[in-house]
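Assemble the whole structure, with the sequences as input and the hints as a guide.
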Amino acid sequence: MLSSIQFQQLIQKIKEKKELQGISSDFVLESIKKVLQSEPKLLQELSYNFQAKSFHFKHTVKKVREKLRRDYGLFRGQEKVKERQKIVTILMRDKLTPSFIEELLHFHASTKERKEYYPQLYQQLFTITGKPARILDLGCGLNPLSLPLMKIKRVHYHALDISEEEISLLNTFFAVLKKQNPTFSGKAEVMDITKTAQLSLLPEHDLCFLLKMTDILDKGRGHKMTENVLKAILATYVVISFPTITMGGKKMNFPRRRWIELLCYRLKYTFDLLEFEKEIFYVIKKN
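Heads up, our numbering is the position in the sequence shown plus 17, with the first residue counted as 1.
No lab work stands behind these hints, which were simulated from the structure alone. Careful, some of the hints might be misleading.
Unchecked claim - Restraint-style ranges between C-beta atoms, simulated for each label pair:
#1 Leu59 with Arg86: 17 to 27 Å
#2 Pro260 with Tyr65: 37 to 47 Å
#3 Arg171 with Ser64: 47 to 57 Å
#4 Lys168 with Gln61: 52 to 62 Å
#5 Ser64 with Pro272: 46 to 56 Å
#6 Lys50 with Gly266: 34 to 44 Å
#7 Lys268 with Gln68: 47 to 57 Å
#8 Ser42 with Lys195: 27 to 37 Å
#9 Ser71 with Lys51: 14 to 24 Å
#10 His240 with Lys168: 29 to 39 Å
#11 Gln61 with Lys285: 46 to 56 Å
#12 Lys50 with Asp289: 37 to 47 Å
#13 Lys51 with Gln140: 36 to 46 Å
#14 Ser217 with Glu133: 32 to 42 Å
Stated by the list, open to error - No farther apart than 20 Å at their CA atoms in a straight line, the calculated lysine to aspartate or glutamate pairs in the EDC-like style are these:
#15 Lys303 with Glu221
#16 Lys30 with Glu182
#17 Lys302 with Glu278
#18 Lys302 with Glu221
#19 Lys84 with Glu181
Virtual Cβ for every residue (Gly too), placed ideally from N, Cα, C.
Listed below in structure tokens is the structure:
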């Protein structure tokens, strides 16, 4: 097996790619271990001859980067690190005006897509769930930036993601929001949400978002991971969303996901549907 110093060398090399720099080092380490576990011969060769210029070192770096792009890159869109750093600077001095919120939402593929219908989404959602006092957001991306559009003053928002850069931005955002609204509290943390044992230890929430995350969780190998995550979440309502357009931009003929409906029936959960032009939302009631 590799030493901790050798693992750190691999992590450092893997994160030299700009698009991967924001990912938690712990998540990168887990990905390295999974790649090497699936290729024991590669691990053996790497352990025997651990040199940065060796074929096996470079091959390991390549394989892990490919895995990270699959696991992390889906639906992320192009990273705009410099622009987001500017946003953090502006956040430190500006108030969260509606126009500024709209500008913030522009810097993530999914929030940019939703910004046209966020107000309608939250209005319809809270008609079903009531206004939540505690919200959990798994694989949050920049979705928490839409919080002012929820029109809720007294709420605690807990956001989890593997992007250190996005988590840092969100904590700055929460601090500014707290200054404007003392009844608000929020916390963003780095966490790999596939660690369901950790998820089950989180406090109970009224509402949990799991938006456009099932493809990332399941990786085309059935839906067991989504089921495990759903069962581990301590929340009255869980909102799971799916795109309704293809990667090529065409409207799906059958946007509903039969498998999630069957899963709810089997687990004795009820659900409501909210449909918008590019996204469908399953509002699942667990208890």
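Structure-based check of each hint:
In this structure the hint that Leu59 and Arg86 lie 17 to 27 Å apart at CB holds, the actual value being about 19 Å. A C-beta distance of roughly 45 Å is found between Pro260 and Tyr65, which places it inside the suggested range of 37 to 47 Å. For the hinted restraint 47 to 57 Å between Arg171 and Ser64, the CB-CB distance of approximately 55 Å keeps it satisfied. Separated by about 58 Å at the C-beta atoms, Lys168 and Gln61 satisfy the suggested range of 52 to 62 Å.
Distance hint check: the CB atoms of Ser64 and Pro272 are about 48 Å apart, consistent with the given range 46 to 56 Å. At about 37 Å, the CB distance of Lys50 to Gly266 agrees with the hint of 34 to 44 Å. Restraint check, Lys268 to Gln68: a C-beta distance of roughly 51 Å satisfies the suggested window 47 to 57 Å. In this structure the supplied range 27 to 37 Å holds for Ser42 paired with Lys195, their Cβ-Cβ distance being about 28 Å.
Remark: the range hint 14 to 24 Å for Ser71 to Lys51 is upheld by a beta-carbon distance near 21 Å. For His240 paired with Lys168, a C-beta distance near 34 Å keeps the hint of 29 to 39 Å intact. Gln61 and Lys285 have their C-beta atoms about 48 Å apart, which keeps the hinted 46 to 56 Å range intact. For the hinted restraint 37 to 47 Å between Lys50 and Asp289, the CB-CB distance of approximately 40 Å keeps it satisfied.
In this structure the hint that Lys51 and Gln140 lie 36 to 46 Å apart at CB holds, the actual value being about 42 Å. The hinted range of 32 to 42 Å is satisfied by Ser217 and Glu133, whose Cβ atoms lie roughly 36 Å apart. Simply put, Lys303 and Glu221 have alpha-carbon atoms about 12 Å apart, close enough for the 20 Å limit, and the pair holds. Proximity of Lys30 to Glu182 is assessed by CA-CA distance (about 18 Å); at most 20 Å being required, the pair is judged to hold.
About 12 Å separates the Cα atoms of Lys302 and Glu278, which keeps this hinted pair within 20 Å; it holds. For the suggested pair Lys302 and Glu221, the alpha carbons sit about 14 Å apart, so the restraint of at most 20 Å is met. For the proposed pair Lys84 and Glu181, the alpha carbon gap of about 18 Å is at most 20 Å, so the pair holds.
Every hint, counting from the list given before, is met by this structure.
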